[in-house]
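Q: Listed below, chain by chain, are the residues.
There are 2 protein chains.
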Amino acid sequence: MRSKKKVSIKDIARLSGVSVATVSRVINHNGRFSEETRERVEAVIREYQYTTDMTGKSLREKKTHTIGVIVPDITNELFAAIVLELEKYFFDQGYSVLICNTNEEDKKEAAYFKILESKAVDGIICISGSEDLPEHIVKSGIPIVCIDRKPKGKSDVVYVESDHYLGGYIATEALIKKGCRKILILSKQKALSVNTQRLSGYLDALRDYGLPVLPEHIVGLLDDDSNFQGAKDRIFYMAKKNLSFDGIFATNDWRAYGALVALQQNHIAVPEQVKIVGFDGSSVSEYCYPAITTIQQNKKELALRAAQALLEQMAGKAAEEHRIVLPVALVERGTT
Amino acid sequence: MRSKKKVSIKDIARLSGVSVATVSRVINHNGRFSEETRERVEAVIREYQYTTDMTGKSLREKKTHTIGVIVPDITNELFAAIVLELEKYFFDQGYSVLICNTNEEDKKEAAYFKILESKAVDGIICISGSEDLPEHIVKSGIPIVCIDRKPKGKSDVVYVESDHYLGGYIATEALIKKGCRKILILSKQKALSVNTQRLSGYLDALRDYGLPVLPEHIVGLLDDDSNFQGAKDRIFYMAKKNLSFDGIFATNDWRAYGALVALQQNHIAVPEQVKIVGFDGSSVSEYCYPAITTIQQNKKELALRAAQALLEQMAGKAAEEHRIVLPVALVERGTT
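Taken in order, these protein sequences are the chains called A and B. The first sequence: position 236 = 236 (my numbering), numbered continuously. The second sequence: position 18 = 1018 (my numbering), numbered continuously.
Just chain A, with the same shape it has in the complex (with noise of 0.2 angstroms):
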């Protein structure tokens, strides 16, 4: 019994005795090879189990029907959502996705730019990650469109989003009406675009009702804390020296539950005496108790929208906008 190991072309060829031009003509059914010849060739295929590389193809076809999708945590339960959204809807219309995972490394995302390059993929979708997009990856060549995430400088990458400072208006908006006067936003001090964005929201909220802005009441966690834990320990820390707000704007479940957890902890009462507004729509905000108050993402439309802004691009057209924003919603639950 032979190995089934697998074999290159060039093995084909050398075991069928005719040349690795001829094997191709064969796999790809393009004329110009006898009966016999087609017969030797694929009887050698059948024995050796050689399955057609599509890379091998794809250096002679330039398409290899198959996307590249970076994500930064395929733990984060909005980016698993997107990219299962995604994947669904390449699959349908005949393209296999490639997950790559950063980690929110930058080291590790542009490793992995690099390999979905190499695989030869037809486009990248990119999800959100630790730093605006780089230019260099950007001018990459192969078609690239990004979700909740902009790309650095002038470009022409298209990105879709959803509407961030219109979720923190609304967020702030919402805790004001409910009788909060000192509002908190509790985000990550990086500069991403995404905080920006909800950051300008809370702040014209804040502004268009005559509330004063405090810098106390800016509380951007670092880049090493965690969502949940790192919310937790600084709004323990806050609630128990001096209970300075009554209203949290967490830019992210994770965190407002950190923050229902630390008040809960130093026994103030939520909603009564705190109310928390989230972000995302994630399900601990659902299953928490009592459930957060949220700003829904759409994360199917995000995805339905990045997918075919990418394969407008593989198909050479010029996209008509290179920002597309998508509205979010204010989901009201328990703890406002």
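Please note: incorrect hints may appear among the correct ones.
Within a straight-line C-alpha distance of at most 27 angstroms, the following computed BS3-like cross-link-like pairs (lysine-lysine) qualify [to be verified]: (1) A:107 to B:1088; (2) A:114 to A:88; (3) A:300 to A:317; (4) B:1114 to A:10; (5) B:1088 to A:88; (6) A:108 to B:1300.
Hints were generated in silico from the structure; no laboratory data involved.
Add chain B to chain A, keeping to what the hints say.
A: Okay, now just chain B, sitting in the frame of chain A:
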């Protein structure tokens, strides 16, 4: 300004006025070309930003330093956590990880196995799935290790799994020790090895403690039922009709949570009237109210052992054991 589109090795050869073989030798620093040729080829490569195509390279070197991971549902927290651990471990060992989400569709799974083969991955980790792993996939020739999934029939494939039998046993025992006498198992009908093992543990615990097995207490959800909604509907119906049980062993935390909500909606007190134990240690079990007692799987160790087994196989070593079983632990919370 010239376009920076990706060019093939053939284009480089044409533009440099040399053969493809020569370009290949230059790229691989493999002697037999003049200094002048090297300079000319490298200039063209620089000009066109040609990146060495790893897949082309792989056909020569037969190693791509890429691992494929097949996962049925990336939004399943347990699977996502395992994938994350796999990615981290492999990346540190110099391997990139391409993740494929099959959406629990057998057709899609087969397609992704083919894709990974064509992308010339060095090995595949296959997590769970809707069926035990089909034989033709096991025999594809690429090293493969399964997590939480038994290969079909007799096979040499290594698989790593939690001790599902033990999990089923200690979950049931925990309920018995808390006073439950009428314990329901809430599982899936499909005879997957994980389901079968958990059921065995449940049955043996009942037997060891002298409790009868009642057919009405073995509740199997259909494949199409969602874990949460399916469990909720089923338990809602059973609780409304006639509360014939005082304990529920749900073989998944979302099913446990569905049962909890259904009981609460029927004003049945948990844990006073009915106690619940889940399985997996998902965040929902931790953050719902009351938090759910569960069987914790060791996600990190599952990933680590599978990764190590795959690397050994890739290095040509024979597996010492084909089934690696990891212990599970009871985490006691509010529902017992």
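Q: Look at each hint and say if it fits the structure.
A: Now for the hints, and whether the structure bears them out:
Between residue 107 of chain A and residue 1088 of chain B the alpha-carbon distance is near 13 angstroms, which keeps this suggested pair within the 27 angstroms criterion. At most 27 angstroms may separate the alpha-carbon atoms for a hinted pair to count; residue 114 of chain A and residue 88 of chain A meet this at roughly 24 angstroms. Between residue 300 of chain A and residue 317 of chain A, the direct Cα distance comes to roughly 23 angstroms. Compliance with the 27 angstroms bound is thereby established for this hinted pair. Restraint check for residue 1114 of chain B and residue 10 of chain A: the C-alpha separation of about 20 angstroms stays at or below 27 angstroms, so the hint holds.
Taking the CA atoms of residue 1088 of chain B and residue 88 of chain A, the gap is near 26 angstroms; set against the 27 angstroms cutoff, the hint holds. Using a Cα cut-off of 27 angstroms, the hinted pair residue 108 of chain A and residue 1300 of chain B holds, with the two alpha carbons roughly 20 angstroms apart.
Every hint, counting from the list given before, is met by this structure.
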